[in-house]
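Engineer: Taking the hints into account, I'd like the entire structure generated from these sequences.
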Amino acid sequence: MLNKIGKYTAILMMCGMCGCASTVNDEGAQGESSTLESYNRAMFSFNNKVDKYVLRPVAKGYKAVTNDYVRQRVSNFFNNIDEPISAANHILQGEFADSGNNLGRFAINTTIGLVGLFDVASSMGLEKNKTGFDETLATWCVPDGPFIILPIVGPSTPRAATGFVVDGYSSPSYWIAQESGGEDAWLVYYGVSGLKYLNLYAENMSLLESLEEGSIDYYEAVKSMYLQNRSKLKACGTSENGSADYDFDMGDMDDMDNY
Amino acid sequence: MKKILLCMLAVLSFAQIAYADINATKASTMVEELTREGIEKIINSNASQEEKNKIFKQLFTENLDLDFIGKYVLGRYWRTASAQQRKDFINLYKEFNVQTWSKRFDEFKGKKFVFKGTGSANNPNQLYVNTEVPVENGKPIDVKWRVYEHNGKMKIIDIIIENVSLAQTARNEYTSYIAKSPKGIDGLLENLRAKVK
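These protein sequence lines map, in sequence, to chains A and B.
The numbers in our numbering rise by one with no breaks, and the one at position 150 of the first sequence is 150.
The numbers in our numbering rise by one with no breaks, and the one at position 77 of the second sequence is 77.
No lab work stands behind these hints, which were simulated from the structure alone.
Heads up, some of the hints might be wrong.
[What the hints assert, rightly or not] Derived lysine-lysine pairs resembling DSSO-like cross-links, with alpha carbons at most 27 Å apart:
| id | chain 1 | residue 1 | chain 2 | residue 2 |
| --- | --- | --- | --- | --- |
| 1 | A | Lys234 | B | Lys139 |
| 2 | A | Lys49 | A | Lys60 |
| 3 | B | Lys54 | B | Lys197 |
| 4 | B | Lys54 | A | Lys234 |
| 5 | B | Lys111 | A | Lys49 |
| 6 | A | Lys232 | A | Lys130 |
| 7 | A | Lys232 | B | Lys139 |
| 8 | B | Lys94 | A | Lys63 |
| 9 | B | Lys111 | A | Lys196 |
| 10 | B | Lys111 | A | Lys63 |
| 11 | B | Lys139 | A | Lys130 |
| 12 | B | Lys195 | A | Lys52 |
| 13 | B | Lys94 | B | Lys112 |
| 14 | B | Lys155 | B | Lys109 |
| 15 | B | Lys87 | B | Lys41 |
| 16 | B | Lys116 | A | Lys232 |
| 17 | B | Lys139 | A | Lys128 |
Structural biologist: Following this line, the structure appears as structure tokens:
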């Protein structure tokens, strides 16, 4: 499956380089070409079926055998193991103090925090400050490319997908699996990653359900939210987070008092 | 003559400033009171779901300017909509929002809002009241309330969670739906009517 995703990603990256840009403020189609949209909608509905018939039952089972406390430890463990990814990317973004913060957190939480199960560093004033290769590419002014639904993974863009793959390969969990798994290294890695995403999914399941209920076109709503949320990444050439400020009084509003 | 002109100019510019300067404290207090009431009377209260829904509907419609948001959400279709379509849309949009949000009370259990001052919006008559919702693991959730003054009352016109604006999302979703629907605006109204029932 992941090999397939890799292939898709390569195609998507090429597509992104062709410069088919997508913008969030466009009305309706949000700058999406109709070919891409019909692919996206098909993949979106496939993913929703996988969600409904595979992920949701598994996540419900997982929720039944774990409690909040356990899920919190699992989440902490994965956050900690990915801390070096943030450290490396903060260096690539020229933010050395933030990188030091990540390394400090990693050192403290891996030791005193019992291999990351407890986030002791936060209570010591080293706040969580996550970043990844996607954000590094954003600060390097690499364009995002069009909105795309990846199989299983879900909403993405060529740049986000690149970041996802690079972060996956640079994750310590990948290297540990390589070291200790022998021939089955891939299985170990997929298993570990599977738990990471299952935990994340279980925590957000009800939110997704209510989002679907509250929308008339779930695909369009997810797309809009995903792209808006990405505007929070650091903008091109800066270390500032993007803002969500937009003009609330576009030309459309000029006759608003006349109804 | 020159003096009079200068005087008029001064008065005018003062009026301009006074008009443009939306009162940050007033806006912040309004959001603070709303969230406090919401948490006390709905989230942490033992009232029945029916009672909670009633209080929520009242708080929601009193503090959000749903007429304003509804118009923004319809975007360019607002212009071509008939008076009846506009009226129907605003009413359905109100009902649909109240219905959707009422189901999400439990998600806010044990949560609180930490107020982080105000920020300017690109429109001088609007501003953001910045809040954060602390979570057990990781960075707090960033929630901004876009507020403006209407007929002497502070009203919320958008809620932005982690850079995701509810008004913008609905606008993208609804205008795309209308563009695709063979019945246009009526298609959207039919869909909403079926959901609100």
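Engineer: Against each hint, give a clear statement of whether it holds in the structure.
Structural biologist: Structure-based check of each hint:
1. A:Lys234 <-> B:Lys139: Holds: Lys234 of chain A and Lys139 of chain B sit about 16 Å apart, inside 27 Å.
2. A:Lys49 <-> A:Lys60: 16 Å, holds
3. B:Lys54 <-> B:Lys197: 17 Å, holds
4. B:Lys54 <-> A:Lys234: Violated: Lys54 of chain B and Lys234 of chain A sit about 41 Å apart, past 27 Å.
5. B:Lys111 <-> A:Lys49: 32 Å, violated
6. A:Lys232 <-> A:Lys130: 13 Å, holds
7. A:Lys232 <-> B:Lys139: 13 Å, holds
8. B:Lys94 <-> A:Lys63: Outside the cut-off at roughly 35 Å; violated.
9. B:Lys111 <-> A:Lys196: 25 Å, holds
10. B:Lys111 <-> A:Lys63: 21 Å, holds
11. B:Lys139 <-> A:Lys130: Holds, at about 9 Å.
12. B:Lys195 <-> A:Lys52: 21 Å, holds
13. B:Lys94 <-> B:Lys112: 25 Å, holds
14. B:Lys155 <-> B:Lys109: Distance ~25 Å between Lys155 of chain B and Lys109 of chain B Cα, so the pair holds.
15. B:Lys87 <-> B:Lys41: 31 Å, violated
16. B:Lys116 <-> A:Lys232: 18 Å, holds
17. B:Lys139 <-> A:Lys128: Measuring from Cα to Cα gives roughly 6 Å; hence the hint holds.
In this structure, the earlier hints numbered 4, 5, 8, 15 are contradicted, and the remaining ones agree with it.
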